[in-house]
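Trainee: Residues per chain, in single letters:
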Amino acid sequence: SAVISQKPSRDICQRGTSLTIQCQVDSQVTMMFWYRQQPGQSLTLIATANQGSEATYESGFVIDKFPISRPNLTFSTLTVSNMSPEDSSIYLCSVGSNGNTIYFGEGSWLTVV
Amino acid sequence: AQSVTQPDIHITVSEGASLELRCNYSYGATPYLFWYVQSPGQGLQLLLKYFSGDTLVQGIKGFEAEFKRSQSSFNLRKPSVHWSDAAEYFCAVGESGGYNKLIFGAGTRLAVHP
Numbered sequence: 049s050a051v052i053s054q055k056p057s058r059d060i061c062q063r064g065t066s067l068t069i070q071c072q073v074d075s076q077v078t079m080m081f082w083y084r085q086q087p088g089q090s091l092t093l094i095a096t097a098n099q100g101s102e103a104t105y106e107s108g109f110v111i112d113k114f115p116i117s118r119p120n121l122t123f124s125t126l127t128v129s130n131m132s133p134e135d136s137s138i139y140l141c142s143v144g145s146n147g148n149t150i151y152f153g154e155g156s157w158l159t160v161v
Numbered sequence: 005a006q007s008v009t010q011p012d013i014h015i016t017v018s019e020g021a022s023l024e025l026r027c028n029y030s031y032g033a034t035p036y037l038f039w040y041v042q043s044p045g046q047g048l049q050l051l052l053k054y055f056s057g058d059t060l061v062q063g064i065k066g067f068e069a070e071f072k073r074s075q076s077s078f079n080l081r082k083p084s085v086h087w088s089d090a091a092e093y094f095c096a097v098g099e100s101g102g103y104n105k106l107i108f109g110a111g112t113r114l115a116v117h118p
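Sequence order for the protein chains is A and B. According to my numbering, the residues represented by the first sequence are 49 to 161, in order. According to my numbering, the residues represented by the second sequence are 5 to 118, in order.
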């Protein structure tokens, strides 16, 4: 199985600031994804991080708010820009590996005050 | 469009009792189906998955799930629940071909009484 490390694991941020979340995988993976889980809710896909090209965003998510980078096959970042309390969520990195299995990181727990 | 329905928001069972969590999906082709568990303050852990073949799938922690195409269901079962099974359970469907994004159900929160 793929081992996924996310940083930071938790953070408290001031509204109006931006935070970059890192996702590191222990092996090369084809697909990397970013999900959001708002308090008490299920997971919603933000975007697919494409290596060497712009991310593919889902409806309701835009690049200006959630810029994503993926410089290689083991690393990606998600930035949450100009944060408001509504951005308080768990942000999870996910990868496709080992025969189509989808694995998740432990998540980055973000609180905006 | 794909969708996943978990009809039960909360379920409470006694320790040692059997468990069945329901999941219904909507997808035109053969789906890739997953069950994940999320313990409080934790990320998601994969319990089991179904891509093809035997419709009864065995997972970790004593869980199993059965894919029923005629009912568009993928229910999760465990014969005897332990207190440590208390968590949130998510059913998800992915596009066939793998390596693809997942659509999640709303989740079922399981409470276990001693």
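Note that these hints are calculated values from the structure, not bench results. Among the hints, a few may not be true.
To be verified - Chain A is faced by these chain B residues, among others (derived, beta-carbon under 8 Å):
#1 Gln46
#2 Leu52
#3 Lys53
#4 Pro83
#5 Val85
#6 Trp87
#7 Ala91
#8 Phe94
#9 Gly98
#10 Lys105
#11 Leu106
#12 Phe108
#13 Gly111
#14 Ala115
Given the structure is predicted, the values throughout are model-derived calculations rather than measurements. Positions of the beta carbon are idealized from the N, C-alpha and C atoms, including for glycine.
Trainee: Decide, hint by hint, whether the structure agrees.
Mentor: Quick rundown of the hints versus the structure:
1. Gln46: holds, 7 Å
2. Leu52: violated, 10 Å
3. Lys53: This interface hint holds because 6 Å falls under the 8 Å limit.
4. Pro83: Violated - the Cβ of proline 83(B) stays beyond 8 Å from chain A, reaching only about 25 Å at its closest.
5. Val85: violated, 22 Å
6. Trp87: violated, 22 Å
7. Ala91: With a closest approach of 14 Å, the alanine 91(B) hint is violated.
8. Phe94: Holds: closest Cβ of chain A sits about 6 Å from phenylalanine 94(B), inside 8 Å.
9. Gly98: holds, 7 Å
10. Lys105: OK, holds: lysine 105(B) within 8 Å of chain A, min 5 Å.
11. Leu106: holds, 6 Å
12. Phe108: Check passed: Cβ of phenylalanine 108(B) comes within 5 Å of chain A, closer than 8 Å.
13. Gly111: holds, 5 Å
14. Ala115: Interface hint status for alanine 115(B): violated (15 Å vs cutoff 8 Å).
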